[in-house]
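J.: Residue-level listing of the chains:
There are 2 protein chains.
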Amino acid sequence: MNDVTGLELRSIVNADCTLTLSLEEVVLSSPASDEIIVRVEAAPINPSDIGLLLSSADIRSVRLSGSADRPVATFSVPQGRMEALQTRIGVSMAVGNEGAGIVVDAGRDAKALIGKRVAMAGGGMYSQYRKLKQNDAVELPENVSSVAGAAMFVNPLTALAFVETMKMEGHKAIVHTAAASNLGQMLQKICLHDGIPLVNIVRSAEQAQILRDIGAAYVADSTDPDFTGKLEDMVAQTGATLAFDAIGGGTLGSQILEAMEHAANRTTTEFSRYGSSLFKQLYIYGALDLGPIVTNRMAIGFEWSVNGFLLGPFIKKAGSEVYAAMRQRALQEITTTFASHYSATISLREALDPDTLKSYCRRATGEKYLIDPTR
Amino acid sequence: MNDVTGLELRSIVNADCTLTLSLEEVVLSSPASDEIIVRVEAAPINPSDIGLLLSSADIRSVRLSGSADRPVATFSVPQGRMEALQTRIGVSMAVGNEGAGIVVDAGRDAKALIGKRVAMAGGGMYSQYRKLKQNDAVELPENVSSVAGAAMFVNPLTALAFVETMKMEGHKAIVHTAAASNLGQMLQKICLHDGIPLVNIVRSAEQAQILRDIGAAYVADSTDPDFTGKLEDMVAQTGATLAFDAIGGGTLGSQILEAMEHAANRTTTEFSRYGSSLFKQLYIYGALDLGPIVTNRMAIGFEWSVNGFLLGPFIKKAGSEVYAAMRQRALQEITTTFASHYSATISLREALDPDTLKSYCRRATGEKYLIDPTR
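Chains as they are written, first to last, in my numbering: chain W, 309 to 683; chain L, 309 to 683.
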C-alpha cells in the first residue's frame, strides 16, 4: 500500500502565551513489520485528554481562524502558568488517549489484522489515521462496534486498577468520590460483581440516584446536612480503609480519612495519644478541583498515607500478568460493565468549534463526547 | 525487698472540661521474675511527652492547688477538643517516655542488674520508682551518668529510623525541617558520619549557625528571601527525594515536594503532562504547627506520597534485627552523636509549677528540660 495521508488534531503552546489547536495533514509511511495503520472511527474525550488538549489555556479566550475545513482555535495562557509549560513550547502534540477503528494496512507480522476492527491505546487518536504497534491494539469481537470499543482502556483499566490496588495492599472495601462519573459507574458494577463493598460519595441527589439505579448499597451525598455522620457510618459498616479521590483539591479527602479514623475509634476503649493503629490510604487520581489538598492531620492519627495515583506507574508495579488479565476483562465486558454512553458524537472540525469545545470541557456528570474522525 | 512506695506524676482529663496534673503516691509490689524496679534519676521532657501531659489543655488557664509537697495543677480544656479525648476521661495517666536510673530490686531472672544504672523506655518515667521488664531497659556503661543516658530512645532512635527508612526505601539523601532541634542535630551528626547528604531547613540565622557549627553542608533558612531557589538547588545537588517534617501544618512540606519536582524537571527536555516520573516521599513526624497540611498537588506531578511517621510502627516494619542494631548504636554513641543538652533540671514538684511549665512548653530550639525525680 502507498503512504496514507490524513488530518490529525494538534495542540501547541507558543512562547507568546497562547495555545493553538489545529488540524494538520500528516503522511504515514508504510508500517514496519510489527505495525498497523488504523482508520480511526471513534475516540472518546476523557478528562485526561482535555488536560493535554487545552492545558492551562483560558477557554473563554478562544479565537477562531483558518478555514471551515481546517479551522484554527487560539487561546490565551495565563503568564503564571507558562513556567510549567516550558517543555511544551513549540512542540506540536497529537491528542487522544484511546480509540477504535479498522486496520487498513499492516506490516509483515501483522497482516492477519487487515480489515479487522481494533481498540487502541497510546495517544494521538484524534486523527483520521493512526499508525501503531500491533501490541498497542486489541482486536474487537465481531459484534462490537468502534463506538462501543473506543473507550476500552482509560476508564475500564483505571476502575480495575482500583480493585487490584485494594487486593494488593490488603484492604477490603473502597471509598470513591465523584462516584457517579462514567468511571465511578464502572467501578460500582465491578464491585457489585466481585462482592466488594464500595462507598460512593456524590454531590447531588441526581447523582446518588444514578448509582442506586445500578445497585449501589452505599451512597453518601456531600450536600446532605448529615453527610459526615452518614459517611462515617458507611465506612464503619464496610470497613473501608482505602479511598480513590477524583477531586483532589480541598478537604474531602481529609474528611474521608477522618471518617475512617472515627470509625476505628468507635471500637476502641483505650486512649491512644497517637490515634488509632488503623492504616488509612487515600489516592488522588483526578483533578476536578485544582486547589491544594488540605489534610487535617490532627484528626487522623499517624497511620495514614496520601498519594498521587496514575494508571501507568500502577501497571508497572502490578506487572504484566495482572495487566493482561485486566485488559482481558475490559475486552470481555466492554458492552456490559464497561459500556460508555456518549451525549454527542462530533467530527475533528467540530472539536475546534468554540461552543462545542466549551460544552465538552464542562465535564458534567453523564456528559461525554465522542470524536468520529471519519465525519 | 518490700514494696516500694514513691510519687508519680499523673495527668487526667475530667468530664467537666478540665485536665489535672498531680503527684500520686503509688506502691510497687515485688518485681516478677523478669522485672526490675528502678529509682529514676533523670527523665527528659520531649515534645511527645508534653502532648500526653497537657493534651489540648489551655496552658494559660493553669490554677494551682494542693500542698507545696503535693501540688495539683488544673487547666481548662476547650469544649471542642473534648470529643477527641473521650477515651481519656477519668483515666489517670502516667507520663514520661524515657529515663534512666539505678536498679534497686529485681526478679529472679534479673538479679544481675541490681545496683546497675539503666536507660529505660516505655512510659511513666516521671516517677520516683518505675517497675518494668528488664527487656525494656538497657544497662549503661560505667562512665555514663543517668543524665547522659536518660534520652537514649526517643530522639536517637527516631533520627536513626530516618536513615534506616532512607535505606529501606531506596533514597540517597534526606531533607529535614526544624533541623536545628535536638533531634535534627543528631540526624546531622549521623549523616556526616555515614556520608549521607542532608538538607537542613531552619527558621533563623541562629539555627543555621548551630548546624554549620557541627559541619552541616546544606542549610536553607526559610526566612531567606531566596529560600525557594536555594532549597531547590540543594535538593538538585543532593538528589534528595525523601523528607521528614517536624512541622506538619502549612505549606512547607509541599514546598519541599515542589523543590524535588522542579529539580527533577531541570534535567528533563520532554514535556510530560503528568509531571516528572521521580517518586517523592514526605513523612510528617512532628506537630509544631497543628493546622492542616496544605499540599499544592498541581506542582508535584503524580509520583508522590505524604505519610504520617511514628517510631513504633517503623520499628515493627523494620524488624527486630534492625531495631537491635539501632539500640546498640544509640548506646555506643550516647555521649557523642546522641548527647542531649539540658537548659534546666527540675524536680517532679517543679514540673507542676506554672512558670516552669509555661517555660518547658515553649519548645524553643535549644531549650530542653530534664526531670530529676530524686530532688
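It is worth saying that the hints were derived from the structure and are not from the lab.
One or more hints might be untrue.
Identical copies go unnamed one by one, so any copy, or any two together, can satisfy a pair.
[Claimed, not checked] Here are the simulated SDA-like pairs of lysine to any residue, each with C-alpha atoms no more than 20 Å apart in a straight line:
hint : residue 1 : residue 2
1    : Lys424    : Arg635
2    : Lys624    : Gly431
3    : Lys424    : Arg347
4    : Lys666    : Glu578
5    : Lys424    : Lys538
6    : Lys475    : Ala633
7    : Lys424    : Asn573
8    : Lys480    : Val455
9    : Lys624    : Gly478
10   : Lys624    : Tyr582
11   : Lys475    : Cys325
12   : Lys625    : Gly478
13   : Lys439    : Met476
14   : Lys441    : Ala481
15   : Lys624    : Thr664
J.: If the cut is 20 Å between Cα atoms, do Lys424 and Arg635 qualify within a copy, between copies, both or neither?
T.: within (18 Å within a copy, 66 Å between copies)
J.: Quick one: Lys624 to Gly431, C-alpha cut-off 20 Å, is that within a copy, between copies, both, or neither?
T.: within (18 Å within a copy, 44 Å between copies)
J.: Check Lys424 against Lys538 for me: Cα-Cα at most 20 Å, and say if that holds within a copy, between copies, both or neither.
T.: neither (50 Å within a copy, 57 Å between copies)
J.: Are the CA atoms of Lys439 and Met476 at most 20 Å apart within a copy, between copies, both, or neither?
T.: This pair counts as neither: shortest intra-copy Cα distance 35 Å, inter-copy 43 Å.
J.: How would you classify Lys441 and Ala481 at a CA-CA limit of 20 Å: within, between, both, or neither?
T.: neither (37 Å within a copy, 40 Å between copies)
J.: How would you classify Lys624 and Tyr582 at a CA-CA limit of 20 Å: within, between, both, or neither?
T.: Result: close only across copies, 16 Å inter versus 34 Å intra.
J.: Checking an output row: Lys480 and Val455, CA cutoff 20 Å. Within, between, both or neither?
T.: For Lys480 and Val455, the Cα distance exceeds 20 Å both inside one copy (34 Å) and across copies (48 Å).
J.: Go through the copies and call it for Lys624 and Thr664: within, between, both or neither, with a Cα cutoff of 20 Å.
T.: Answer is neither; intra-copy 36 Å and inter-copy 56 Å both fail.
J.: Evaluate Lys624 and Gly478 at a C-alpha cut-off of 20 Å and name the case that applies: within, between, both or neither.
T.: both (19 Å within a copy, 17 Å between copies)
J.: Between copies, within a copy, both or neither: which fits Lys666 and Glu578 at Cα up to 20 Å?
T.: For Lys666 and Glu578, neither the intra-copy (55 Å) nor the inter-copy (29 Å) Cα distance is at most 20 Å.
J.: Under a CA distance limit of 20 Å, which applies to Lys424 and Arg347: within one copy, between copies, both, or neither?
T.: within (11 Å within a copy, 84 Å between copies)
J.: Go through the copies and call it for Lys625 and Gly478: within, between, both or neither, with a Cα cutoff of 20 Å.
T.: both (15 Å within a copy, 16 Å between copies)
In this structure, the hints that do not hold are numbers 4, 5, 7, 8, 11, 13, 14 and 15, in rising order.
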